[in-house]
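Novice: Chains as they are written, first to last, in the UniProt record's numbering: chain A, 1 to 253; chain B, 1 to 783.
Honestly, the hints are just simulated from the structure, not real lab data.
For clarity, every value in this text was computed on a predicted model and none was experimentally measured.
Heads up, some of the hints might be wrong.
Said to hold, decoys possible - Straight-line Cα separation of at most 30 Å, DSS-like style, residue types lysine-lysine; simulated pairs:
1. B:K416 / B:K434
2. B:K416 / A:K23
3. A:K83 / B:K773
4. B:K434 / A:K117
5. B:K416 / A:K138
6. B:K773 / A:K117
Unchecked claim - A short list of chain B residues far from chain A (calculated; beta carbon distances all over 10 Å):
7. K97
8. P131
9. R215
10. A226
11. L333
12. K344
13. I417
14. Q601
15. I756
Said to hold, decoys possible - Which residues of chain A face chain B? A partial, calculated answer using Cβ under 7 Å:
16. A78
17. R85
18. A86
19. E106
Think of the CB as a built atom: it goes at the ideal place given N, C-alpha and C, for glycine as much as any other residue.
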Amino acid sequence: MKKVLLQGRGLTKVFTQGQTNNKALDEVDVDIFEKDFTIIMGSSGAGKSTLLYALSQMDAVTEGTVSYRGQELTRLKAKQLAKLRAEEFGFVFQQTHLVSNLTLYENVAVAGFLGKKGSSSQIQRRAQTLLTQMGVEKAENRLPSQVSGGEAQRAAIARAMIGEPGLLFADEPTGALNRSHTGEVLDLLTALNQSGQSVLMVTHDLRAAVRGNRILYLEDGKILDELELPAYQAAQDRQREGRISGWLSKLQW
Amino acid sequence: MENRILFRAGIRRHKGSLIGIAVLLFLVSLSLSTVLTVSLGGGSYIRQEMQRAGFGSLTAWVSGVPDMELLTDSIKAQEGIEGLQVQNLLFSDYEAKGVESDSEGQLILWSGGDKTYRFFRNDLSGYSEAPKEIAHGTVYVSPSMISIMNLQIGDSITFPIARGGQNVSLTVAGYYEDPFMGSSMIGMKGFLICEADYTAILQDIAETGMDSLARNGAMLHIFTEAGSNASIADISQLLNENTTISQYTEFIHSADAIEGFMGILQNAFCGLLAAFALILLAAAMVVLGHSISGVMEQDYKNLGILKTIGLTGGGLVRVQLAQYLAAMLVGILPGILAAYPAAKAAGRMTLTTTGVLLPADLPVLPCMAAFTAILLLLMGFTVLKLRKISSVTPMKAIRGETTEIRWKPGKSFQMKIEGLPFRLAVRQLLSGKKRYVSACLIAVLLVFFASLAGRMNTWLGPEGKGMMDAFNPADLDIGVQAMGELEPEEMENMVRSYTDITDSYLLAMPSVSVNGTNYTANVITEPERFHISQGDTSRSPDEVVLTETAASDQGVGIGDKVTVRGDTGSGEFTVSGIYHCANDMGANIGMNREGYLTIGQDAPQLWCHHYFLADPSKRTAVTEALTEAYGGDVHVHENSWPGLFGIIAAMHGLLVFMYGMIALFVLIVVLMAGGRILAAEQKDLGIYKSMGCSVKMLRVTFSLRFGIVASIGAAGGTVLAAILTDSFVSAVMRLAGISNFASRPDLSNIVLPGLIVVLLFLGCSYLAAGRIKKADMAVLTAD
Numbered sequence: 001m002k003k004v005l006l007q008g009r010g011l012t013k014v015f016t017q018g019q020t021n022n023k024a025l026d027e028v029d030v031d032i033f034e035k036d037f038t039i040i041m042g043s044s045g046a047g048k049s050t051l052l053y054a055l056s057q058m059d060a061v062t063e064g065t066v067s068y069r070g071q072e073l074t075r076l077k078a079k080q081l082a083k084l085r086a087e088e089f090g091f092v093f094q095q096t097h098l099v100s101n102l103t104l105y106e107n108v109a110v111a112g113f114l115g116k117k118g119s120s121s122q123i124q125r126r127a128q129t130l131l132t133q134m135g136v137e138k139a140e141n142r143l144p145s146q147v148s149g150g151e152a153q154r155a156a157i158a159r160a161m162i163g164e165p166g167l168l169f170a171d172e173p174t175g176a177l178n179r180s181h182t183g184e185v186l187d188l189l190t191a192l193n194q195s196g197q198s199v200l201m202v203t204h205d206l207r208a209a210v211r212g213n214r215i216l217y218l219e220d221g222k223i224l225d226e227l228e229l230p231a232y233q234a235a236q237d238r239q240r241e242g243r244i245s246g247w248l249s250k251l252q253w
Numbered sequence: 001m002e003n004r005i006l007f008r009a010g011i012r013r014h015k016g017s018l019i020g021i022a023v024l025l026f027l028v029s030l031s032l033s034t035v036l037t038v039s040l041g042g043g044s045y046i047r048q049e050m051q052r053a054g055f056g057s058l059t060a061w062v063s064g065v066p067d068m069e070l071l072t073d074s075i076k077a078q079e080g081i082e083g084l085q086v087q088n089l090l091f092s093d094y095e096a097k098g099v100e101s102d103s104e105g106q107l108i109l110w111s112g113g114d115k116t117y118r119f120f121r122n123d124l125s126g127y128s129e130a131p132k133e134i135a136h137g138t139v140y141v142s143p144s145m146i147s148i149m150n151l152q153i154g155d156s157i158t159f160p161i162a163r164g165g166q167n168v169s170l171t172v173a174g175y176y177e178d179p180f181m182g183s184s185m186i187g188m189k190g191f192l193i194c195e196a197d198y199t200a201i202l203q204d205i206a207e208t209g210m211d212s213l214a215r216n217g218a219m220l221h222i223f224t225e226a227g228s229n230a231s232i233a234d235i236s237q238l239l240n241e242n243t244t245i246s247q248y249t250e251f252i253h254s255a256d257a258i259e260g261f262m263g264i265l266q267n268a269f270c271g272l273l274a275a276f277a278l279i280l281l282a283a284a285m286v287v288l289g290h291s292i293s294g295v296m297e298q299d300y301k302n303l304g305i306l307k308t309i310g311l312t313g314g315g316l317v318r319v320q321l322a323q324y325l326a327a328m329l330v331g332i333l334p335g336i337l338a339a340y341p342a343a344k345a346a347g348r349m350t351l352t353t354t355g356v357l358l359p360a361d362l363p364v365l366p367c368m369a370a371f372t373a374i375l376l377l378l379m380g381f382t383v384l385k386l387r388k389i390s391s392v393t394p395m396k397a398i399r400g401e402t403t404e405i406r407w408k409p410g411k412s413f414q415m416k417i418e419g420l421p422f423r424l425a426v427r428q429l430l431s432g433k434k435r436y437v438s439a440c441l442i443a444v445l446l447v448f449f450a451s452l453a454g455r456m457n458t459w460l461g462p463e464g465k466g467m468m469d470a471f472n473p474a475d476l477d478i479g480v481q482a483m484g485e486l487e488p489e490e491m492e493n494m495v496r497s498y499t500d501i502t503d504s505y506l507l508a509m510p511s512v513s514v515n516g517t518n519y520t521a522n523v524i525t526e527p528e529r530f531h532i533s534q535g536d537t538s539r540s541p542d543e544v545v546l547t548e549t550a551a552s553d554q555g556v557g558i559g560d561k562v563t564v565r566g567d568t569g570s571g572e573f574t575v576s577g578i579y580h581c582a583n584d585m586g587a588n589i590g591m592n593r594e595g596y597l598t599i600g601q602d603a604p605q606l607w608c609h610h611y612f613l614a615d616p617s618k619r620t621a622v623t624e625a626l627t628e629a630y631g632g633d634v635h636v637h638e639n640s641w642p643g644l645f646g647i648i649a650a651m652h653g654l655l656v657f658m659y660g661m662i663a664l665f666v667l668i669v670v671l672m673a674g675g676r677i678l679a680a681e682q683k684d685l686g687i688y689k690s691m692g693c694s695v696k697m698l699r700v701t702f703s704l705r706f707g708i709v710a711s712i713g714a715a716g717g718t719v720l721a722a723i724l725t726d727s728f729v730s731a732v733m734r735l736a737g738i739s740n741f742a743s744r745p746d747l748s749n750i751v752l753p754g755l756i757v758v759l760l761f762l763g764c765s766y767l768a769a770g771r772i773k774k775a776d777m778a779v780l781t782a783d
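Work the whole structure out from these sequences, hints included.
Specialist: Next comes the structure, spelled out in structure tokens:
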């Protein structure tokens with residue numbers, strides 16, 4: 001029996017521009033399970049990122065509730081949400097979004113300091129270890145502007161992991177990377193998931209989607225369907241891709 | 001047409017910055033215009049009123065003249081003298097509200113129809129019609145008597161006319177404008193009385209003879225010929241040598257000196273305010289420079305695009321310049337207009353100190369000249385800052401390539417969990433130095449001036465000791481001068497009944513002439529007590545010390561010889577040193593008792609006994625006891641004079657005004673610079689929020705940046721003030737004859753100004769960072 005980690009109920013998000021209202025999420029009900037690698041797919045403008053940010057409470061919803069481990073997040077104050085993000089959530093973005101005037105190491109360490117899980121030296125050691133795991137230890141003293149996109153994104157994953165988050169949110173993490181860097185980043189995320197890390201990732205890339213064990217398909221702000229897959233194995237990439245493609249074709253993607 | 005569209009678009013886009021610049025220049029313009037109005041208008045008004053009232057180029061206060069006609073005829077007969085007018089008066093001490101005057105008052109006869117003086121409304125809101133006659137038993141006084149003695153309409157002033165308690169008590173009926181002696185900086189004061197009272201007092205003086213305390217006298221207004229090349233000093237020398245005037249002169253002053261006395265306070269404060277306005281202008285220019293750099297950064301891409309559609313660099317500079325010029329004019333012009341009510345309010349507020357209602361009419365030509373120069377300076381500066389537009393190439397701009405130097409990370413300041421907000425703030429500063437330069441420079445300028453004013457305030461002291469030391473030739477706790485038969489031992493016994501006398505010396509202040517020019521001599525029994533700044537004191541009977549003013553007027557220095565004439569003869573003396581005494585705007589010489597007695601007459605009443613008390617807090621009690629016991633037979637003074645409190649209050653007012661302006665400046669600067677920084681850091685703020693950084697921590701980090709920058713600037717400003725205060729303030733003080741200004745550093749003037757400015761920067765930036773709450777993490781999303 002899977003344990004619900006994050007739960008969204010009746011999630012509605014309306015963007016207002018002038019006199020036009022655009023419903024990006026339309027009464028979405030969703031459960032994200034512990035230790036799952038959940039993928040959110042959908043066409044451009046379907047509301048994938050909006051759902052991710054609604055569930056992580058990076059953005060407030062117009063209506064609906066979000067609960068994490070049974071605690072309702074939509075009632076939390078800004079300070080409590082900041083604490084939750086520092087201690088329980090990790091984020092990886094499409095454009096890496098590292099703080100421009102901090103080195104890769106500092107980007108990771110500062111996030112750890114905010115999470116306050118351990119002493120200063122413990123966090124510093126953990127940051128070094130994570131950067132080594134991500135294979136960017138040689139670039140750790142460089143600024144984000146001085147490294148490749150792949151290195152920056154790996155450092156961003158290290159930053160997201162420094163606080164030992166309960167859930168890792170990834171918003172198109174390979175969207176801005178070339179083919180070889182994409183593979184590296186996906187391998188890292190897969191390895192993290194296989195070591196027990198829960199991951200919720202938004203993507204429109206089939207090669208990324210195959211890494212998940214559960215795929216939600218979003219269209220016009222609603223979850224149309226979902227697909228359960230067995231745990232990822234590298235040798236089964238083609239089969240998984242075929243299965244997902246077929247499922248998506250049925251959904252007219 | 002395209003320029004007009006671009007101009008309007010630019011105004012819309014950068015309205016925040018432009019409004020900020022306009023507000024800063026409004027403050028500069030308001031301060032400077034007000035200072036110019038009060039300073040220039042005040043000076044010319046006093047001169048004009050003195051001329052209208054019929055005061056001459058030289059005025060001598062005389063008493064005991066046996067034959068006035070003979071004296072005036074002999075003066076009129078001198079070469080270079082065009083005319084002379086005599087204004088009769090009575091010299092008398094006075095006492096009101098329990099305060100005894102330090103200097104003699106002058107009871108002046110005023111008759112209905114006399115146009116010499118102007119009268120104020122009772123609430124001092126402006127002028128009123130002159131009374132038909134001054135009522136019997138009443139008196140009109142200068143409004144400065146309010147600040148000196150808190151003298152209100154209906155209060156009584158007592159004039160001791162003769163020994164044995166023969167006093168005249170007059171009730172204050174109103175206030176008049178005295179352009180001659182009205183300022184609280186001048187000890188002698190005029191009192192307008194009616195003919196009946198004047199005649200009665202005159203008769204009392206005649207009847208009491210030797211016992212009379214009041215004296216009959218006159219002001220001799222001497223007019224020199226218009227075309228005469230002779231200086232006032234030459235005329236004074238001529239009169240001393242060829243007439244008997246020096247035998248009867250109490251004091252003699254030129255119109256310039258009187259104008260100087262009357263303007264000391266407003267000139268000193270206007271000088272400081274003008275300097276402050278210039279500091280504000282410099283700060284406004286720093287903000288302007290920062291704003292232009294920010295706008296260029298924001299518009300970099302747009303400038304490239306505009307060049308691709310055919311606009312030239314010069315054309316774009318002109319459009320930008322027009323925007324800034326509009327903001328400058330919007331700030332400066334209302335500032336000039338607002339100076340009218342401000343100067344009017346300043347005139348009314350200072351009336352009880354200056355004694356004259358300073359005009360609020362804007363001096364058009366000086367203002368136009370000043371602001372044309374300021375506008376040209378600002379425009380030149382703007383063009384200089386905008387010149388980079390010419391080097392923007394279209395494709396470079398569109399690609400977003402800037403020439404900004406990138407920051408290189410070092411290992412000197414590592415991130416640690418301890419003091420994380422501070423460490424993040426330092427990192428932001430190190431990587432974005434240019435953005436904070438303006439805040440730092442402004443902190444330097446503001447702290448410099450606040451520190452300078454603080455040092456002046458410390459010099460002045462809570463009881464005005466600094467000013468008194470500048471005016472007194474030597475230190476004292478209390479001075480007692482016996483006017484009648486009273487024995488010094490008797491006075492000393494009374495003083496000792498309150499507290500021990502730890503030390504004492506004698507000081508007399510007779511009139512003498514030096515090389516033919518009138519001066520007050522400070523004759524002392526212990527010459528080592530003089531405040532000597534150069535050379536040595538006058539230890540030997542043939543030595544004198546001069547003030548810096550007197551030495552400069554006479555063109556003599558240490559080692560030179562001067563001829564000093566007293567009431568019994570004259571002698572040649574060697575200048576042994578320079579000392580401080582700002583009395584009579586520095587027209588003083590110092591000599592020892594033995595030296596003076598070779599040229600002047602000795603008399604017990606001449607000497608004032610200066611005492612140092614074991615418990616100086618008993619001064620007031622001793623003064624009251626002596627006055628009560630001996631009345632008109634004794635004159636007691638402390639190391640203070642009532643007008644001093646007006647100066648101290650004005651100084652405190654200036655400090656409050658200055659800190660108000662500083663707070664406003666800091667707020668505007670932080671809002672402008674901070675707004676731009678926050679706009680540029682939207683993404684970083686989103687990232688920090690996504691990492692779990694609280695809004696409070698982000699705000700603290702943001703305000704710490706300004707706090708650190710302000711601390712660096714404050715340190716610079718404090719050092720600058722320590723280096724420049726003495727020379728700068730001394731230059732202003734010298735105008736008032738005060739040459740002993742030396743700032744005394746203490747905790748309040750070293751630490752406080754910097755601390756206040758740093759706290760203001762911290763507070764204002766924390767407030768400005770309130771918009772971080774609204775920083776949306778949606779900037780990070782992929783959709």
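Novice: Run every hint past the structure and note whether it holds.
Specialist: Hints versus structure:
About 25 Å separates the Cα atoms of K416 (chain B) and K434 (chain B), which keeps this hinted pair within 30 Å; it holds. A distance of roughly 44 Å separates the Cα atoms of K416 (chain B) and K23 (chain A); the hinted pair therefore is violated under the 30 Å criterion. For the hint linking K83 (chain A) to K773 (chain B), the alpha-carbon distance of about 15 Å falls within 30 Å, and the restraint holds. Restraint check for K434 (chain B) and K117 (chain A): the C-alpha separation of about 36 Å exceeds 30 Å, so the hint is violated.
A hinted pair counts as satisfied when its Cα atoms are at most 30 Å apart, and K416 (chain B) with K138 (chain A) qualifies at roughly 21 Å. Of the pairs offered as hints, the one joining K773 (chain B) and K117 (chain A) holds, with about 26 Å between alpha carbons and a cut-off of 30 Å not exceeded. With a minimum CB-CB distance of about 61 Å to chain A, K97 (chain B) clears the 10 Å threshold, and the non-interface call stands. Every CB of chain A is more than 10 Å from the CB of P131 (chain B) (nearest about 72 Å), matching its label as outside the interface.
Against chain A, the non-interface label of R215 (chain B) holds: every CB pair exceeds 10 Å, the least being about 81 Å. With a cut of 10 Å on Cβ distances, A226 (chain B) stays outside the contact zone with chain A, its closest approach being about 74 Å. Consistency note on L333 (chain B): stated as away from chain A, and its beta-carbon is indeed over 10 Å from all of that chain's, at 38 Å minimum. Annotated as non-interface, K344 (chain B) keeps its C-beta farther than 10 Å from every C-beta of chain A; the closest such distance is 50 Å.
Separation of I417 (chain B) from chain A is inadequate, the least Cβ-Cβ distance of about 4 Å not exceeding the 10 Å criterion. For Q601 (chain B), the shortest C-beta to C-beta distance to chain A comes to about 84 Å, beyond the 10 Å cut-off, and the non-interface label holds. At roughly 31 Å, the least C-beta separation between I756 (chain B) and chain A is larger than 10 Å, which holds for a residue marked as non-interface. Hint status for A78 (chain A): holds, given a least beta-carbon distance of 6 Å to chain B, under 7 Å.
Taking 7 Å as the C-beta cut-off, the interface hint given for R85 (chain A) holds, the closest approach to chain B being about 4 Å. Interface hint at A86 (chain A): satisfied, since its Cβ lies 2 Å from the closest Cβ of chain B, which is below the 7 Å cut-off. Taking 7 Å as the C-beta contact cut-off toward chain B, the hint placing E106 (chain A) at the interface holds, the least distance being around 5 Å.
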